[in-house]
Amino acid sequence: MWYKYKIWLVIILTGFFSVRLLAQNSDKKEKIESFKVAFITQKLNLTTKEAQQFWPIYNEYLDKMETLKNARKKELRSSSISIENYTDKELESMLDNEFLSKEKEVELSKEYFNKFKTSIPLKKVILLYKAEDEFKRELLRQISGK
Amino acid sequence: MIKIKNCFLILCLISANYFTLVSQEVQKEEPKHYIKPTVYLNRLVTGKRTFKNNKNENYSFTQSNIGFYFPIYTKTKPNVGDKLGSVFQIIGTGNVSRAIPKFSFISSKHTLVRTNFGISAMLNTGTKNVFFANILPFIAEDRSSLQYKPTVRLTYMFIYNRTVNERFSYRLGYAKTYLLSGRPRQPIIGFRIGKFDRLHFNFQYPRFVSLDWPLDEHITISFFNKVMGGIYGMRNLEFRGDTYNSILFKRQEKLTGIEWDYKSSNVFSFFFSVGFVGNNSIILNEVNSKKVNRNYLDIARANFIAAKLEPSLFINLGVQFSFGKAKKIYNNLSMYDAIDLNSNFGSGDNNDAMKSAPIPYIPSQLKLKAIQLKDVEDLFELDDIN
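As they're listed, the protein sequences go chains A and B. Sequential numbering of the first sequence, starting at 1, is according to my numbering. Sequential numbering of the second sequence, starting at 1, is according to my numbering.
Incorrect hints may have been included.
[Claimed, not checked] Partial list, derived from the structure: chain B residues whose beta carbon lies under 10 angstroms from chain A: (1) E30; (2) P31; (3) E166; (4) N236; (5) N266; (6) Q365.
[Claimed, not checked] Computed list of lysine to aspartate or glutamate pairs in EDC-like fashion (alpha-carbon distance at most 20 angstroms, straight line): (7) A:K69 - A:E132; (8) B:K128 - A:E50; (9) A:K115 - B:D82.
Calculated from the structure, these hints are not laboratory results. C-beta: ideal position from N, C-alpha, C; glycine also.
Between the sequences and the hints, there should be enough to build the whole structure, so can you do that?
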């Protein structure tokens, strides 16, 4: 009987420590994300109806923007590791891709600006962009401990 | 069986670690589904329960369960004007439960296995309505007897969920379930009061009543009362030595206790619950027998045993592994209800899901702890720092 429980204990402890250790980064990322959601919720002061319309669209926007930004950062990181090994042509194409990715991000922002407008008043859309900026400042403020 | 289960657990652990590493790699594609593929394992052990009418007889029950669910198809319709598009999801699900009842009047060990595979479908229309349907056929076997012919049974449910606001939702539906053993057709009536990520009260007939308290993004404490039960077939010659007929074993019990859920990371979580198992009864009768003999003392001649049992203690523990990435659902209230429906109703008749569904915890205090510059540097670009 005890043998079975020892197995369970080993599994729980191994799972707890190994996965937790490996997942530290994604865990922190999720924590910051939920903090951002809390921050925006407080700043926008949405009505129940507005919130029910707005958040599914905003989540979709976050997913798409994250995918674009991650792809761009991956490219930048790979080029910064061994920039000497690339030819001028390759570097130029990398920069072109960088501009293309940024254009895609702007296009996505425009597309979702139009979607946000249908779910919340324009004034609150402006407040949203402001809150996103303020959130970054708030992060820096908290990290610096002020 | 134990060795197979241990190998499976170790495989889950290795996969969980692997998927954790992979998920940290840069995500190339936008996630397609709202639900992550999930594997769960749990074990329920109850103490000896004496018969209320005869203290010499007793019964105990242990159950191990391995299950999974995974998204098969997700279709999100685009919004039209200010009307939110619908989300349709199909989820594959299955589990294998291995129950070992021990009766003081039967010396041989019976290993009763239920294997079910099925699908769930969910439709979120707009911001308030969720329709949930689930169909789960299962095979019940007595692994201790080769002569027992496995029985195929079917459970299903339809639920309509209305998300009134973030603090209140209600559910109505209909189910065919063996949770209440002999009464398979049941209405589903439920409601929730309170936000999912704060202290909330959940009443879900016929499954459970609970008071769930998410303390932070990792820990949830629940006080609960839930029904567990089932209908099994077994074959025992010492119980009814003069016949080869099969015996139907029905059990029903109510577990009242406290559960501690710990979400260690996006990949791994576990729960531990302890409490009393009460309001319990067992029924054993021959298949096709309509005779009723409530005199449990006359076991040798009885076709039928119907006994109420004294309460006892139980321990229930489980682990859960979720893999990959899912779409974000922050403050998406009807999706919260859909995820909760899938967690609590999608896994079939065992009613042994973790009390805390994978719903994000939104902090109330705007204060981040233990965050360093390296954790957030990816969020900033040069033109942000003016």
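Checked hints:
no. : hint           : verdict
1   : E30            : holds, 5 angstroms
2   : P31            : holds, 6 angstroms
3   : E166           : holds, 7 angstroms
4   : N236           : violated, 24 angstroms
5   : N266           : holds, 6 angstroms
6   : Q365           : holds, 8 angstroms
7   : A:K69 - A:E132 : holds, 16 angstroms
8   : B:K128 - A:E50 : holds, 13 angstroms
9   : A:K115 - B:D82 : holds, 8 angstroms
Consistency with the previously given hints fails for number 4 only.
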